[in-house]
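Asker: Input sequences plus hints: build the corresponding full structure.
These protein sequences, in sequence, are chains V and X.
According to my numbering, numbering within the first sequence proceeds without interruption in unit steps and concludes at 784.
According to my numbering, numbering within the second sequence proceeds without interruption in unit steps and concludes at 244.
Rather than coming from a laboratory, the hints here were simulated on the basis of the structure.
Since we're looking at a predicted model, the values are computed, not measured.
Possibly wrong hints are sitting among the right ones.
What the hints assert, rightly or not - From the structure, some residues in chain V lie toward chain X, with a derived Cβ separation under 10 Å:
#1 22
#2 28
#3 30
#4 34
#5 36
#6 39
#7 249
#8 592
#9 675
#10 681
#11 683
#12 703
#13 704
#14 710
#15 712
The C-beta atom is built at its ideal place from N, Cα and C for all residues, glycine as well.
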Amino acid sequence: MATFRPNSVGQAIKRREDPRLIRGLGTYTDDVKLPRMTYAAFVRSDFAAGAIRSIDTSAAAAHPGVAGVYTYADMDGQVGPSPVGVELPDMGKADHPLLADGRVLHVGQPIAVVVAETPYAARDAAGLVDVDIEPREAVVDVEAAMAPDAPRVYEELDSNICIHLPIPNPEADKLFEQADQTLSMRLLNQKVAPFPMEGRAVCAHWEEGPGKLTIWTSNQAPHFVKQQVAMCLRIPEIRVRAIAPEVGGGFGAKIPTYPEEPLLCWISRALCRPVKWAETRTENLLGMTHGRGHVEKIEVAFQNDGRVLALKGQTISDVGAWRSFYGPFIAMSTHTMSCGCYAIKAVAWDIATVFTNTMATEAYRGAGRPEAAYIIERVMDEVAAATGLDPIDVRRRNFVDKGAFPHTTASGAVYDSGDYELTLDRMVELAGYEEAREAQRQAREQGRLVGIGLATFTEVCGIGPSTGTAPQQRMGTWESATVRVEPSGNVTVYTGISPHGQGQETAFAQMVSDAFGVGLDDVVVVHGDTDQVQHGVGTFGSRGIAVGGAALHMALTKVHAKATRIAAHHLDAPVDQIEYEDGEFTVSGTDRKLTFREVAEMAHLWNVNVPGEEPGLEAVARFEPPGTTFPFGAHLCQVEVDAESGQIEIQRYVAVDDFGVVINPMLADGQRLGGMVQGIGQAMWEEVQYDDGGQLLSGTLMDYAVPRAKHFPRMELDNTVTPTEINPLGAKGIGELGTIGSTPCIVNAIVDALRPLGITNIDMPAKPERVWQAIQSAGAA
Amino acid sequence: MPRSVPVTVTVNGSTHEREVEPRTLLVHFLREELDLTGVHVGCESTLCGACTVHLNGRAVKSCTVLAVQADGQEVTTIEGLAPNADNLHPLQVGFWEKHGLQCGYCTPGMIMAAKQLLDDNPSPTETEIREALDGNICRCTGYQQIVDAVQHAAEVAGAS
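Answerer: Pasting the structure below:
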């Protein structure tokens, strides 16, 4: 494959997306306006579990401006059940209807939908729908849900267990017997709300004339939506166009196709009118999938010199009340990534994913890997405490050596490349680690609770080889790109990824500019429209550049090769005599040359046959990665805890990451910074809370604490570059890394601050109340 | 049908007369009646700032202002901040230059809130910027590049 001289690539180019967004001219789904539009409002369950005795829609239907009221009975088997992504034959499963079918399984489950001439009328009428529910006992706590006598989310299933996967390892048992020391920990990875600033929004438009459905939806994977909606409505996918216009953040929670999406499509077809819905923030906190929700128990076998020999882990993952796209499988990644960047000899694990009467869980910025990093990075600090070693020394003693790549871990992951000492060394230098420890010693002498936390982590990106999932999972995870050169030499790129803030309209234009010597203004990147992009997968799993960008590189290579052949013909020279540089094809050793734009025009408009070539200048490429990529980083955080109040001040945060070759460092920094703040949010403030009866307690911004600007100091960033050979760009992926590294780093710092008091763990979120109570309990002990 | 009341609001320099339900929120008036969809709804509870506009020169959360409260008043939205693409407001320049936005959903409100800050304090410190933007949530950027953007705007405005 060709390599193009980096000219624009590697530069901090400001975004092509921004001119429209900074002027308020972007079109998000709720901004779509169509003639004869109607507006939907949902009636949702107030109970976590129960039987629906009756639904009376008559008052709602009679309300002025109401165009239709729909319940499960109205669907009459014509649409549904809810789309399901990945599934296994032997897992606990039941169909999930688009609207509740006689029973409710969680608070917020849609029961009825009202469609009206205005959004206000729809909401008024939704309030008039009378639903009579006979509540029954809900099961909310995931560990309690595993008990044989626990109330069952699905009465027709034998238990609440969705998947139970034991992964025993006799080698681990042996190492536990041989080890100098062992320790065990129970770690909670609480549920969090993805909280994109734009909630879910759908505009469904069935056009009876052409028999075509267009759905605008705030989603990360519109090609999945197209397939899932077609399946749900039992219409051919060629009748469905899914558009993800501007999407106001997703973080994994907009990968799935939600029940509301096919439902509104079906209603649009029933009414022959467009239907629009944008959820309220409370609906978002109730009805958008939650992230994390793991309970982990970990045992560690280690030597007195700090070397970790083996792990025995247990993950209990809360699936919620129904299976979202990938939710029940997230825990698998936790096991896969359990070794972190350490050469651990053996790993045994036990995975249980369990139904509860709560909202479904789904990927959230990291999806299983943050949980793994949290476990192993907390473990490393506790091993350091048990052995009396510096946490940095413990990590160094366990690192996979940089000469050992590709490296297969004891949990079966194949790491592409890495140099963990490199990033750690740079972080130690940037942070002034020794000085920071000395300052901490002095602070402690003054009685101050100052803590320094570390995380040296790796994660898996560039999702990912289609063969990474079972064939029956029907989830090809390659990516596509089409490069279409116009007769002028201007270029349109059609990509299968679906960026929603990541900036690939810019990064991809940089790549095109380097390949053809055209300006950034001469490139348009089209995404998020299934009628323009034949097939694609979407933006998640840190795959935009590593997979989507790689596909673009392949397409650019194909176009470039054809342009070279056309240039050779017109220059009357053999192809191997053509040299290319900065948009010009030159016959080697001569001044005979053609510009890329001249070649583009010749390819389209000149009445000259180039032997063996079709007219035009366009290529489609699909990149199937041979493996995944493993970026890594070394983070340090310094906090000070106020013993009187439990308040934590983040005083410093230093991050040195390695994500391979970088297309646009400014955009990469943006991904890292945003990720870190989300990870810190989980560590310190964020928590989806249900009460014992399954009522959501964190249903508004008064109750769910999203990080704000004043919570943070200026983050200090640097990076090292260890390329990957998994893709032709050498780029690894950046979207989730910050979240994965920052959460354990913060908790390690907090525990480090409190360790002189005898405190060895703080569950997330480390909110002041919890920290204060821990300090009080330690003082009392 | 619900009763309507007349309102006259000057938005971005143009005066608009409409009949609205008394309960109509300013954000819905701007988005639905005037097609100013740069004003975004993020929480309907004054807490996220995505809907921030200026009412008589002061930043307000338009999700908790009634359209009738804006009767006879002047509103400026993100669409009114720059006459065209070639004459961006320093804050728009700052957000573009410093990568102060990713998904862009919070951006109009963030810029309008930052405008209030710079109107009151033309050269704020980083701490003052972070405090001033406390009513505006961004879930993408981690805020640091927003701080850079506001500082850049302050420098550009100060130099001009």
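Asker: If a hint holds in the structure, say so; if it doesn't, say that too.
Answerer: Checked hints:
A distance limit of 10 Å between C-beta atoms decides the matter here; for residue 22 of chain V the minimum to chain X is near 6 Å, and the interface restraint holds. Interface hint status for residue 28 of chain V: upheld, as the beta-carbon distance to the closest one in chain X is roughly 7 Å, under 10 Å. With a cut of 10 Å, the hint placing residue 30 of chain V at the interface with chain X holds, because the nearest CB-to-CB distance is about 7 Å. Using the Cβ-Cβ criterion of 10 Å, the hint placing residue 34 of chain V at the interface with chain X is satisfied: the shortest such distance is roughly 4 Å.
With its C-beta approaching chain X no nearer than about 7 Å, residue 36 of chain V sits inside the 10 Å limit, and its interface hint holds. Checking residue 39 of chain V against chain X by beta carbon gives a least distance of about 15 Å; that is not within 10 Å, so the hint is violated. Residue-level restraint check for residue 249 of chain V holds (minimum Cβ-Cβ distance to chain X is 6 Å; threshold 10 Å). Annotation: residue 592 of chain V was flagged as interfacial toward chain X, and the flag is violated, the nearest CB pair being 44 Å apart, outside 10 Å.
This hint holds: residue 675 of chain V has a C-beta 8 Å from the nearest C-beta of chain X, less than the 10 Å allowed. For the restraint placing residue 681 of chain V at the interface with chain X, the shortest Cβ-Cβ distance is roughly 7 Å, inside the 10 Å limit, so the hint holds. Checking residue 683 of chain V against chain X: minimum C-beta separation of about 9 Å stays under 10 Å; hint holds. Interface restraint check for residue 703 of chain V: the shortest CB-CB distance to chain X comes to about 6 Å, inside 10 Å, so the restraint holds.
Below 10 Å, beta-carbon pairs count as interface contacts, and residue 704 of chain V has one with chain X at about 4 Å; its hint therefore holds. Hint on residue 710 of chain V holds. Least Cβ distance to chain X is approximately 8 Å, under the 10 Å limit. With a least beta-carbon distance of about 4 Å to chain X, the hint placing residue 712 of chain V at the interface is held under the 10 Å criterion.
Hints 6, 8, counting from the list given before, are not met by this structure.
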